[in-house]
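> Residue-level listing of the chains:
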Amino acid sequence: MGSISRRFLVAGAGAAAVMARPGVRLVGSAAAASKLNIAWVYTGPVADMGYTFEHDEGRQAVQAHFGDAVQTHYVENVSEGPDCERVLRQLVESGDTMVFSTSFGFMNSVIRVARQFPDMKFEQATGYKTASNVAEYNLRFYEGRWVCGVVAGMLSKSGIAGYVAAYPIPEVIMGINAFTLAARSVNPAFRVKVIWINNWVDPGKEADAAKSLVDQGADILTDHMDSSAVMQMAEQRGILGFGQSADRSKIAPHAQLTAITDNWAPYYVKRVQAALDGSWTSGSVWLGMKEGMVKMAPYGPGMTPAAKAAADKAQAGIIDGSVQPFAGPIADQSGTMRVPAGTIMSDAEVLKMDWMVQGT
Amino acid sequence: MTVHVLVAALVTATTGATPLLLAALGETVAERAGVLNLGVEGMMLMGAVSAFIVTTETGSGILGLLAAMLAAAGIAALFGVLTLTLAANQVATGLAATIFGTGLSALLGARFVGKSVVPLPRLHLPVLSDIPVLGPLFLQQDGMVYLALAITAGLAWTMANTRAGMILRSVGESDTAAHALGHKVIGVRYAAVLFGGAMAGLGGAYLSLASTPMWIEGLTAGRGWIALALVVFGAWRPWRVLAGAYLFGGINVLQLYLQGAGFVAVPTQVLAMIPYLATIVVLMAMSSGGARRLQAPACLGKPFRPAN
Numbered sequence: 221m222g223s224i225s226r227r228f229l230v231a232g233a234g235a236a237a238v239m240a241r242p243g244v245r246l247v248g249s250a251a252a253a254s255k256l257n258i259a260w261v262y263t264g265p266v267a268d269m270g271y272t273f274e275h276d277e278g279r280q281a282v283q284a285h286f287g288d289a290v291q292t293h294y295v296e297n298v299s300e301g302p303d304c305e306r307v308l309r310q311l312v313e314s315g316d317t318m319v320f321s322t323s324f325g326f327m328n329s330v331i332r333v334a335r336q337f338p339d340m341k342f343e344q345a346t347g348y349k350t351a352s353n354v355a356e357y358n359l360r361f362y363e364g365r366w367v368c369g370v371v372a373g374m375l376s377k378s379g380i381a382g383y384v385a386a387y388p389i390p391e392v393i394m395g396i397n398a399f400t401l402a403a404r405s406v407n408p409a410f411r412v413k414v415i416w417i418n419n420w421v422d423p424g425k426e427a428d429a430a431k432s433l434v435d436q437g438a439d440i441l442t443d444h445m446d447s448s449a450v451m452q453m454a455e456q457r458g459i460l461g462f463g464q465s466a467d468r469s470k471i472a473p474h475a476q477l478t479a480i481t482d483n484w485a486p487y488y489v490k491r492v493q494a495a496l497d498g499s500w501t502s503g504s505v506w507l508g509m510k511e512g513m514v515k516m517a518p519y520g521p522g523m524t525p526a527a528k529a530a531a532d533k534a535q536a537g538i539i540d541g542s543v544q545p546f547a548g549p550i551a552d553q554s555g556t557m558r559v560p561a562g563t564i565m566s567d568a569e570v571l572k573m574d575w576m577v578q579g580t
Numbered sequence: 120m121t122v123h124v125l126v127a128a129l130v131t132a133t134t135g136a137t138p139l140l141l142a143a144l145g146e147t148v149a150e151r152a153g154v155l156n157l158g159v160e161g162m163m164l165m166g167a168v169s170a171f172i173v174t175t176e177t178g179s180g181i182l183g184l185l186a187a188m189l190a191a192a193g194i195a196a197l198f199g200v201l202t203l204t205l206a207a208n209q210v211a212t213g214l215a216a217t218i219f220g221t222g223l224s225a226l227l228g229a230r231f232v233g234k235s236v237v238p239l240p241r242l243h244l245p246v247l248s249d250i251p252v253l254g255p256l257f258l259q260q261d262g263m264v265y266l267a268l269a270i271t272a273g274l275a276w277t278m279a280n281t282r283a284g285m286i287l288r289s290v291g292e293s294d295t296a297a298h299a300l301g302h303k304v305i306g307v308r309y310a311a312v313l314f315g316g317a318m319a320g321l322g323g324a325y326l327s328l329a330s331t332p333m334w335i336e337g338l339t340a341g342r343g344w345i346a347l348a349l350v351v352f353g354a355w356r357p358w359r360v361l362a363g364a365y366l367f368g369g370i371n372v373l374q375l376y377l378q379g380a381g382f383v384a385v386p387t388q389v390l391a392m393i394p395y396l397a398t399i400v401v402l403m404a405m406s407s408g409g410a411r412r413l414q415a416p417a418c419l420g421k422p423f424r425p426a427n
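Residue numbers (the numbering used here), protein chains in the order written: chain A, 221 to 580; chain B, 120 to 427.
Isolated chain B (complex conformation):
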């Protein structure tokens, strides 16, 4: 591959990684608070369709992004009422949220199939963006790419260094202890779930506004499930999740470029499997006990019922 193609491949990899990263960061926060929300795929689809509808109708990408966050957080709120207030099973409710989101997005979007919007603008700094190699890689992306990176840094810092981050983690590690200390376990979990929803909505919106400015049923094509796997792959830590998202996105794009270059020594299906195999390997490594530090939050998936 020439340098030109390599740079192009890396730029494409960022557009592949960004929706995964946004959704996975949101789910990381929810899971850190002890809530397993399998509704990511459905929330992403609701975000994608809402962003597309609002942008088509108003012409404003910013309003589209806000609509995506609201719509997906709406699904997350429904999930929260069922699992947090009513203490329903999180796995079953999460699956239901995905199925509901998939169906509702198809219904809402039916009139908008075959339409197109202007993609989100890309950064362009005079002179700097035109530097060969570095320019296209770092200074010509769309705003969402930088936003996702900024959120990663912000989350990593907040979770590690602030009181709010500590409370979030304590609620996920030991809900009863956090409760005894006077923290509002259910309230914190609601906030985390809603944040997760809004982020999944942004991830979906990235697909329908930036990477493929269009709507079609099932636009996300399973990216919500990959995002869930990424959270585990990244051991519930933002920077690792970011590395995973770029790795998954990168491998996916790499296999496309290899096919285009006529490289067929490794079947494409094998390359497409790599992210999932990597997740399984990471799971095995964590279960083997050598890396206890990287275990899942202790209360993940457990409903919390205050004693009184």
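For reference, chain A alone in the conformation it holds in the complex:
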């Protein structure tokens, strides 16, 4: 009997890995042929107070801006992979004509489904593939990381920051690199300790990672995760940190120096307008502070006047182009020169970044 129960246990755990997703919910109703039906597909819950929450703010801005001319709704907690393709087909069948899919892992599903439904308009956030009916859009989050790095360089006493990160993919790596380069532009001896969680959300592990970073000398924390556990730990330990994806000042009123916030609404409104007046075409855009889509949250109580001035200056520099986060010389962890002095990495190179800069 023992062997049967064990087999059940293993089979059960496997099945559960596939099945035990948070409930996928379809909210709002499609149909109503006269309106433009638009769906948003999210990988997390809208209540995450972070990445997905900010996308949904953008969706609500579209609904408010166009009123009765559009019908928007969303599907949350969609897992990346086959499940996404099923959801996309379901949306097409229920009468949607425009879909915004907001996770990197949805890209291949979107490209496949888009090929079968040439009349549909797809918009894929954070990817690199496009098609005649698939546009790609992304934000230059790393510009915000640069501003945080400058502040960290000025305010850290130990000269060590802790960085809790999800996966070693270009999107995350470029943020760590921008943060590190900025901090070292202020304090050349600055070091950033990075811990990989290999998950987007695992608050328990994020908090443990944050603790271990503080125990090992970090006095400023930041993260690239989907929960606020790291900032909560910064608050508990009485140190400083930066929020990301959303303002964490409610969770960490003393710890948060500033936060990188996403503002997707301008892009969403513009693209829906184009779809309504028939001028929509595919494309690929990477927008940032200049377009007002990456913003810094109001400064927290831990900011000194000098740090505020430096942060303002860094933002102004990024907006007018005088600050280029990925301008050479840049060496990698092993000391090899990756970007020679006098050159600036192209967008294509930044999007493929798979090496960490010196100081990490």
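Rather than coming from a laboratory, the hints here were simulated on the basis of the structure. Quantities reported herein were computed from a predicted structural model and do not represent experimental measurements. The reader is advised that the hints may include incorrect statements.
[Claimed, not checked] With a Cα cut of at most 25 Å, we get these calculated SDA-like pairs of lysine to any residue:
#, chain 1, residue 1, chain 2, residue 2
1, A, K470, A, K490
2, A, K470, B, E176
3, A, K470, B, G233
4, B, K421, B, G284
5, A, K470, B, P238
6, B, K234, A, K572
7, B, K234, A, G555
8, A, K349, A, P486
9, A, K470, B, K234
10, B, K234, A, E277
11, B, K234, A, R457
12, A, K377, B, K421
13, B, K234, A, D467
14, B, K234, A, P486
15, A, K377, B, G381
16, B, K234, A, A267
17, A, K377, B, E176
18, B, K234, A, N419
19, A, K470, B, P240
20, B, K234, A, P473
[As the list claims (entries may be wrong)] Stretch by stretch, here's where chain A covers chain B in the computed footprint (C-beta under 8 Å, at least three residues):
#, segment
21, 124 to 133
22, 323 to 336
23, 369 to 380
24, 384 to 392
Note that beta-carbon positions come from the ideal geometry of N, C-alpha and C, so glycine has one too.
Fit chain B to the known structure of chain A by using the hints.
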């Protein structure tokens, strides 16, 4: 690593191990009675969300813990009705309980995302808690850590030395014999399943009240499944389960500290695999026949239908 960092790492390891230990002890009792409840993850999530909601609304951590035990035991009761009274398949019902608990906790908790509560208080004895090394390790933890240790000792003793423990084990090893002796097999199993639920609820509450005082969908991030593996790893014995929980929690924290220290000789993914590899090794060792004493309860997963 300096002594200071080592002590800090060990303290962090206890917070990682405690939710696993609480949930795994509960499941140990259920499985010892012959019931395989794969709903641990769902019950933990229900415990986590209920504890957080009640603590947010009332400001009382104790009420939060009680709510966690009740809510998770509620899921366990549902599981019990289906598998014990109606003799439904335990594996399928357990999976359903996890999926149900995951969804329901997300629904209940939606309004509470982004809020925070005061973490459960930590022990602080004058003078003693401030002894270097020993103080932080043994005398500065939160109450749940000590509670989990006390429950381990209590369970190990009860299962080995008392009549109630003997009845529990006999129901799991041979339900028909226990029935013939006049023991209420279904009743004992209900009690064990409800106990398992309450313990899983406590494990979830530990996450949402002590280690990360917050709520977010899927807060437990698979710890319920690790707890299930731990029961097997610990060969259905409380002290071994405790050792396993601290080992799993310890390895997890160790890999975080090693990353922070810039130690990259072993990929982090390999370290993260170790608990699962260890479970597989233990399973293989038990199946090889050399350790029959450590086999699963003979009636594990089998529905019991009294002859009349």
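> Run the structure past the numbered hints and jot down the numbers of the failing ones, going up.
The structure breaks hints 1, 6, 7, 12, 14, 17; every other hint is satisfied.
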